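Participant: The chain contents come next:
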Amino acid sequence: MGVVSNSVCLIVDDSRVIRQVAAKFLKGLGFQVAEAENGRAAVEFCRKSVPEFVLLDWNMPEMDGITCLRTIRAMDLEPRPSVVMCTTENGLAKIREALEAGADEFIMKPYDREVLLDKLVQIGLAERV
Amino acid sequence: MDDLLQEFLAETTESLAVLDVELVRFERETSDATILSNIFRLMHTIKGTCGFLGLPRLGAVAHAGENILGKFRDGELEVTPYAVTLILKAIDRIRALLAEMEATGSEPLGSDQELIGEIDALASGSETPARPAAPADLEMPSFGDEGFPVAAELLVEVAHALKHEPGALPDPAMPAQGAASVSAPVPPRESEAKESATASSSIRVNVDVIENLMTLISELVLTRNQLLQMQRGQKDNEFKVPLQRLSHITSDLQDGVTRMRMQPIGNAWNKLPRIVRDLAVETGKKIELTMQGAETELDRQVLEMIKDPLTHMVRNSADHGIEDGVRRLAAGKPETGTIALNAYHESGHIFIRIADDGRGLDADRIRQKAIGNGLATEAAIAAMSEQQILQFIFRAGFSTAEKVTSVSGRGVGMDVVRTNIERIGGTIELSSVAGRGTTFLIKIPLTLAIVSALIVEAAGQRFAIPQLNVIELVGVSDRSEARIETINTSPVLRLRDRLLPLVSLRGVLGLEMDGAKDRFVIVAQVGASTFGIIVDRVFDTEEIVVKPVAPILRGTRFYVGNTILGDGSVIMILDPNGLSNAAGQLDGSDQAGAQSKAVHDRNGDQASFLLFRAGGCELKAIPLELVSRIESFPSDAVEHVGGRQVVQYRDHLMPLVPFDANHRWKETGHQETLVFSDNGRCMGLAVDEVVDIVRDRMAIELSSGMPGLLGSAVIANKAVDVVDVGHFLTQAFADWFEISAMQATSRRALLVDDSPFFRNLVAPLLTSANWKVTTASDGVEALKLREDGQLFDVIISDIEMPNLDGLALASAIRRDTRWSQVPLIALSSHAEEGDVRAGRSAGFDEYLAKSDQTRLPENLTRALRLAITNRDGISDEQRWAS
Chain A
8 MGVVSNSVCL
18 IVDDSRVIRQ
28 VAAKFLKGLG
38 FQVAEAENGR
48 AAVEFCRKSV
58 PEFVLLDWNM
68 PEMDGITCLR
78 TIRAMDLEPR
88 PSVVMCTTEN
98 GLAKIREALE
108 AGADEFIMKP
118 YDREVLLDKL
128 VQIGLAERV
Chain B
1185 MDDLLQEFLA
1195 ETTESLAVLD
1205 VELVRFERET
1215 SDATILSNIF
1225 RLMHTIKGTC
1235 GFLGLPRLGA
1245 VAHAGENILG
1255 KFRDGELEVT
1265 PYAVTLILKA
1275 IDRIRALLAE
1285 MEATGSEPLG
1295 SDQELIGEID
1305 ALASGSETPA
1315 RPAAPADLEM
1325 PSFGDEGFPV
1335 AAELLVEVAH
1345 ALKHEPGALP
1355 DPAMPAQGAA
1365 SVSAPVPPRE
1375 SEAKESATAS
1385 SSIRVNVDVI
1395 ENLMTLISEL
1405 VLTRNQLLQM
1415 QRGQKDNEFK
1425 VPLQRLSHIT
1435 SDLQDGVTRM
1445 RMQPIGNAWN
1455 KLPRIVRDLA
1465 VETGKKIELT
1475 MQGAETELDR
1485 QVLEMIKDPL
1495 THMVRNSADH
1505 GIEDGVRRLA
1515 AGKPETGTIA
1525 LNAYHESGHI
1535 FIRIADDGRG
1545 LDADRIRQKA
1555 IGNGLATEAA
1565 IAAMSEQQIL
1575 QFIFRAGFST
1585 AEKVTSVSGR
1595 GVGMDVVRTN
1605 IERIGGTIEL
1615 SSVAGRGTTF
1625 LIKIPLTLAI
1635 VSALIVEAAG
1645 QRFAIPQLNV
1655 IELVGVSDRS
1665 EARIETINTS
1675 PVLRLRDRLL
1685 PLVSLRGVLG
1695 LEMDGAKDRF
1705 VIVAQVGAST
1715 FGIIVDRVFD
1725 TEEIVVKPVA
1735 PILRGTRFYV
1745 GNTILGDGSV
1755 IMILDPNGLS
1765 NAAGQLDGSD
1775 QAGAQSKAVH
1785 DRNGDQASFL
1795 LFRAGGCELK
1805 AIPLELVSRI
1815 ESFPSDAVEH
1825 VGGRQVVQYR
1835 DHLMPLVPFD
1845 ANHRWKETGH
1855 QETLVFSDNG
1865 RCMGLAVDEV
1875 VDIVRDRMAI
1885 ELSSGMPGLL
1895 GSAVIANKAV
1905 DVVDVGHFLT
1915 QAFADWFEIS
1925 AMQATSRRAL
1935 LVDDSPFFRN
1945 LVAPLLTSAN
1955 WKVTTASDGV
1965 EALKLREDGQ
1975 LFDVIISDIE
1985 MPNLDGLALA
1995 SAIRRDTRWS
2005 QVPLIALSSH
2015 AEEGDVRAGR
2025 SAGFDEYLAK
2035 SDQTRLPENL
2045 TRALRLAITN
2055 RDGISDEQRW
2065 AS
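Chains as they are written, first to last, in our numbering: chain A, 8 to 136; chain B, 1185 to 2066.
Be careful, since some hints might not be right.
Short derived list, chain B residues pointing at chain A, Cβ under 7 Å [claimed, not checked]:
#1 LEU1188
#2 GLU1191
#3 ARG1225
#4 THR1229
#5 THR1233
It is worth saying that the hints were derived from the structure and are not from the lab. Please read these numbers as outputs of a predicted model, since none were measured by experiment. C-beta: ideal position from N, C-alpha, C; glycine also.
Generate the whole structure from the sequences, applying the supplied hints.
Facilitator: Now the structure itself:
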């Protein structure tokens, strides 16, 4: 298995620990990793450079994930980044809300490397060898 | 994964600290959805992170807590103190688990089922069975405490849901659709920019790295000092310039790293709301804790040192200071008591104020206790002022609580608090008004790692004394005016109007006693007590790096650490605190106070005067206290601008005012000038000749009708004209410093005194401290100002005055609402204990003795600060709303 290009992935989560875990997975898959500690910082990041892939937490201070997602989608970034929403929120309504707001995939926390890779394969950012 | 666990511990500990604070806030403002959602999110994040790291025990506790919080949020559960207590318990459990993990590196075994059961019982007990069955609320069945939903399970559900909702599938139309629907919630830009700035402008560094860096810098400073010392003996050579540069860079580097170690004091305050909350619940009181200046930064080492004292004092305030609701209401105060914390930077120090509006310290009880505990004799106590009596709470073995409660009274008392604060070179001041509350003011240095120290020698050995504690150096010999005398076998130094208890460094350290005759006394101050240390020689001051004393030397009281000097030698750093105790054994500071008073009485109301000539051959006199420097400027340095004279002085243009309006400015030679300055503002008074400095009693015999002169007096057997400094200050400042702009920002003081001399002595002190001063010659005149609708920020009044004296004035002021909030300071020549008590009961906040001339500016500043902070701390929160 493996990746991909040398693409940039933005990890958005208010927990440093989770950012670190995710960064480790994604670096292992060959991504360049950038981090943001909340939605607002993520939006700010996207104004400067467009990531290929955003791993976006839901519950965050300042700006939550869903607002961040809507904002990013409204920015009409080129090329359009893939967004995977991740959260422990366990309602289907939440998942629908995320997909409607423009998420490409949805991942439950806690996830492991395999689950994350699955998602990336599904949205075409990685392929299994 | 070890690093990750470390990171997790750090992150979660931070979250818990915030949680504590926020929960206490939330309990008061249960309707505030923002606080609740913040609390929920923090708990949620902890739970989520536990899932990643495989910490089921921790995760289960967090989940239970989150569960209740969720029910709060959805309005399914009422916010009761019991429910909040349960969540706090969960937080405590998480904290305890974290502590174990930190020690062992893995999650401890064991069960939290009891706590979780209790929480779940609460959650289910009041759960409303009928939940709104909106289609959007297709929740997963609640899972027990075995963990979290497995992603795979949910995926099935997602797939299932999507099958029935094809429109929800992501398709090429999505982006446009999204754009259309989200244009509204795009947040404003400016706050985004602010956020991203904080997000990217800080990084986390391990404390060890910084500590290590600090040690290296310390070594660098030492090496730099060594080089400088080598260069000092040399002629100028090619090393001089690079060495200066190295020196500057080293200093900057030192500053930079010191700044890195800074942490907001809020870190030490975090747990206080929780402590106060628990205490309030336990004692059934209502207490509000307000915190200002939490962002004030100080060295983390200092922070560690003051954490416990602060906690102790806040606890004391909550436990002993604040009365229960019934008593408060009976005393006409709001039911909820307030403890106000305030921190701020000022002149290289941090000030921390802890003020409560409780019952205040009970001087009578302290008096009895002090006698009961054998801390002082009845006779000694009877001679003490109220302020001195209050100081007993700082003595070892003293506790004001009648019974030891579970809350305070844990063996640590205010003596430990004071010792801790003084150990880091800080001081603590106390003021208390019965029935109105108590205020502590702590002053501590910014950093401890590198301090400036005076290097001294005794019996051939060198020692360092922290410069912070050194007030002045006095050379003593049998021939000089300053002599070491002996009272009851204790050495004392007669220094100006005070007797200073002395401690001989050779004596206390058990060094060889025979040595040089010419010696030095280091006048040192620790807290409120001043004493002298006798040494043989005094060298330079040096920046030294404090290294802790080896454990084997811990038992000695006289050393705080050791250091390496620029020349490479290792010397001990003296602990002024320990030495002061040694001096105290010989001659307690209270006793010293009594003795210095005795000296006073013998000498009468003496003051130093500067005698000079200007505008005629009569001698002029000015209280030396008011003159900050005597300068001699070359005549060509005096610039004449638009009919006024200025001179360049310390990077500023200083206005020169001639004593005599017809003064002829010299073309050659030097211009003798008396410089008056404060708060960065200076003015120079041009005089013809400085004659002498003399000490004498002041007594104005004839008052003067001339502007600029107060009157005539006989000083040192000469007839002199006493100069009105205020007159010249206003001449210089009137247009030069745009007094109108100054008045807008300065506070207003009313000075009531029947003696023009005193008015003119005190007024410049106040003006120079940026007060706008109005004067009145007696109580009647002062009250007339009230009728005129004038307002003041402080009133300073004499006691003995014609027509209406100070006590009557104070009572009149306190009776009427217009000035009732204004801090009142008494300034009287009678400051016996009975006078002070009478003054306080008449309504004065502070009581100062006029007789202590030399310390008047200092005492006045202190009294102003205490009076204002007391009043401010109170009126800000409208606790005295009458």
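Participant: Give a verdict on every hint.
Facilitator: Now the hints, each set against the structure:
1. With 7 Å as the threshold, the beta carbon of LEU1188/B comes within range of chain A, its nearest partner Cβ sitting at about 6 Å, so the hint holds.
2. Interface hint status for GLU1191/B: upheld, as the beta-carbon distance to the closest one in chain A is roughly 5 Å, under 7 Å.
3. Satisfaction of the interface hint for ARG1225/B is found here, the shortest Cβ-Cβ separation to chain A being roughly 5 Å, below the 7 Å cut-off.
4. Because the beta carbon of THR1229/B sits about 5 Å from the nearest beta carbon in chain A, less than 7 Å, this interface hint is met.
5. Taking 7 Å as the C-beta contact cut-off toward chain A, the hint placing THR1233/B at the interface holds, the least distance being around 5 Å.
Comparing the model with each earlier hint shows no violations; every hint is respected.
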